[in-house]
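Line order of the protein sequences matches chains A and B. Residues 4 to 169 in this note's numbering are what the first sequence spells out, letter by letter. Residues 10 to 566 in this note's numbering are what the second sequence spells out, letter by letter.
These aren't lab readings, by the way, just hints derived from the structure by calculation. It is possible that some hints are incorrect.
[To be verified] Covered stretches of chain A, as calculated for chain B (at least 3 residues, CB under 8 Å): (1) 71-85; (2) 104-118; (3) 144-152; (4) 156-162.
Values in this document were obtained by computation on a predicted structure and should not be read as measured data. Glycine included, each C-beta is placed from N, C-alpha and C at the ideal position.
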Amino acid sequence: MGLIKEGKLVNDPFKNVSACDTVPAKGPVIVSIDQWIVRRDDLLKRSSLIGIWLKSDEHPEAIAGDLVHLSLIALEFPSFRDGRAYSYARLLRDKYDFSGEIRAVGDVLLDQLHFMVRSGFDAFEVESEDPLGAYNIAAADYSVWYQQTGDGRLSAAELRDKGVRR
Amino acid sequence: MYRYDEFDHKLVQERIQQFRHQVKRRLSGELTEDQFKPLRLMNGLYLQLHAYMLRVNVPYGAITSRQMRKFAHVARAYDRGFGHFTTRQNIQYNWVKLEETPDLLAELAEVEVTGIQSSGNCVRNITSDHYAGRIKDELADPRIYCELLRQYTVLHPEFSFLPRKFKIAVTGSPKDRAAVALHDIGLRMHLNDTGKLGFEVLVGGGQGRTPIIAKTIREWLPPEHLMAYVEAILRVYNLSGRRDNIHKARIKIIVNQMGIDQYRELVDQEFDRIKGDAKGIPEAEIQRIKAYFAPPEYEELPDFTDKLNTLRLTDKTFDLWMSSNVAEHKIGGYAIVNLTLKAPDRVPGDITATAMDAVADLADEYSLGEMRVNHRQNLVFVDVKQVDLHSLWKKLGPLELATPNLGQLTDMITCPGLDYCNLANARSIPVAQDINKHFVDVDRLIAIGDFTVNISGCMNACGHHHVGNVGILGVDKHGTEFFQLTLGGSSDEGASLGDRLGRALPQEEVPAAIEAIVDTYIDTREDDERFLDTYRRIGMVPFKEAVYGSVDTKVVA
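With the sequences and hints as input, model every part of the structure.
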């Protein structure tokens, strides 16, 4: 397992305590939405970075008003077949203007990385002996996309319109 | 017809390269079958009863002669010399080998055809009217919007892992030849009060084990908002569709559970947020795509109807074919010709490599090199000169492609059934063949008139049995195949689902049951009333009595 962020293998500064009973006194943490609701004031007082772990049936709308306090949203893929997190990521970026880290966690299938990148994810927990190597192979799968998805890349139609040739 | 540019080609090449790598990982054991399954499915590769099956998209059903020759080559080189046209304007190969599929896909890519998203829980091949661009009653060519939607939905980053598969159909005519009300999204062009062209948007239609006619979610949508509106529907579905039960995961279920009004409200909220955005489709792109579908340069030809009428008088078989298989073209002096893949002793929708090559040659000679496949598993030549009709007909006959039964009782839709499919409960093909053997009298078939018989080998309804005037569903009862009949289904404008006739019948009793239904119809129809209208007028009881006898009418399967 390794964490890839912005195309690099990085150490995870966050401690994931979303499944724990207690929250450490200091340091960046990832908490569950329930923990956030119950301990909101305490967590804000800690003055460390805060991330929230959303399960695939937890809509980011529930924390839309709190996003200014949050540095990271971890979106869980309970199975690679559950595609809700793609829409959550897009809503976080386009609707709620969230500019912090959106991390793919859970069943992160490498063959789906390019979909995640384009939907607004910028960090990935990759299950592999060589996470960066695996990431680099998967991320290079496509250079052409038909859709504009708010990640700044131009669609094929826009490139055509600009007279760009491949 | 649309042609790939460098971008389209590059994307497909990258897709094949990715799949080649995935197949390699599967063959080496690096990927388990469970992990590989969704990857292969998104490239159209199924594991069937006896072998892998590859489903290849024919976007909106349009095929060039060059593509047809490639289909023939693939059938020879990678399959057993034939292919099968499906109800979703696709072609399937039933005997492909896993290790050969990347090469097969690379060959298809040469002619701009792919298996991308012909399966999986994503947006499938966009289907349309097979007469698109050639028929008089059309408001605009639906293929332009189909191509825009094709590009918009292919490898969509957000919508490739929906709760379940998603099918979209578009019609530009008031006469619905694309069964739009039986799709997850159906788009029907019409003019609003001010005479502006737009779409009626239907949502939540489908067949399968829970057949539902789609509901109107928006009466009129301007074309410039099509992508944003489709995106809003897909996003709401991706987030709200059920994922707990595969049989309840289609959009039709959630639309029904929520009610269309609530679903509409959610879609409208999302649409209002995103509709200002062109969705990465500049106006120039729409114009670029439109240009590909500009009509070919037609010759100014005199109307040949009178001379054809003389020929029809001298040759009854030609006359029959003209009546049933030839449709009016919007340009004078031209005609639309349907090539029925429904010769009596053949598997509906199947075509041999030899016939595919012959059809490609004929399309070059007689139809400006372009043809279509329709959702009733027939082929269509869209640009035939009237003056050529007789000579084309003579050449189609020996290929068994001139059976004059279009829209008639023997023009059956049939799924592959238990002969091929691992979902099936029963064999569909032998039932179709039995019916064909029973109904051989051409004059009687003409007297019966419009009459659709649709056969599915299981409740997944690939053979569209719910919307056949007579639907036949294969069921398994303690290891024996039985067939459940329904009456009154229709997939065209004013679509309806069939009602169950009564207890399921053994295979050998099916033709006689249909005979009894037909007799009852002929005896009770008024003037030139179609079977469907007679049924809607008189209801089920007379048909039930005719099939089961009066004693049996209370018996339900």
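**Asked** Against chain B, does the region 144-152 of chain A show at least 3 residues with beta-carbon separation below 8 Å?
**Response** Result for this restraint: holds, n = 9.
**Prompt:** Checking C-beta pairs, does the region 156-162 of chain A have three or more residues closer than 8 Å to chain B?
**Reply:** With 6 residues in contact (Cβ-Cβ under 8 Å with chain B), the coverage given for the region 156-162 of chain A holds.
**chain B covers the region 104-118 of chain A, three or more CB atoms within 8 Å, holds or violated** = Holds: 5 residues of the region 104-118 of chain A have a Cβ under 8 Å from chain B.
**Item:** Within 8 Å of chain B (C-beta), three or more residues of the region 71-85 of chain A
**Value:** With 3 residues close enough to chain B, the hint holds.
Violation of the numbered hints given earlier is absent; every hint is satisfied by the structure.
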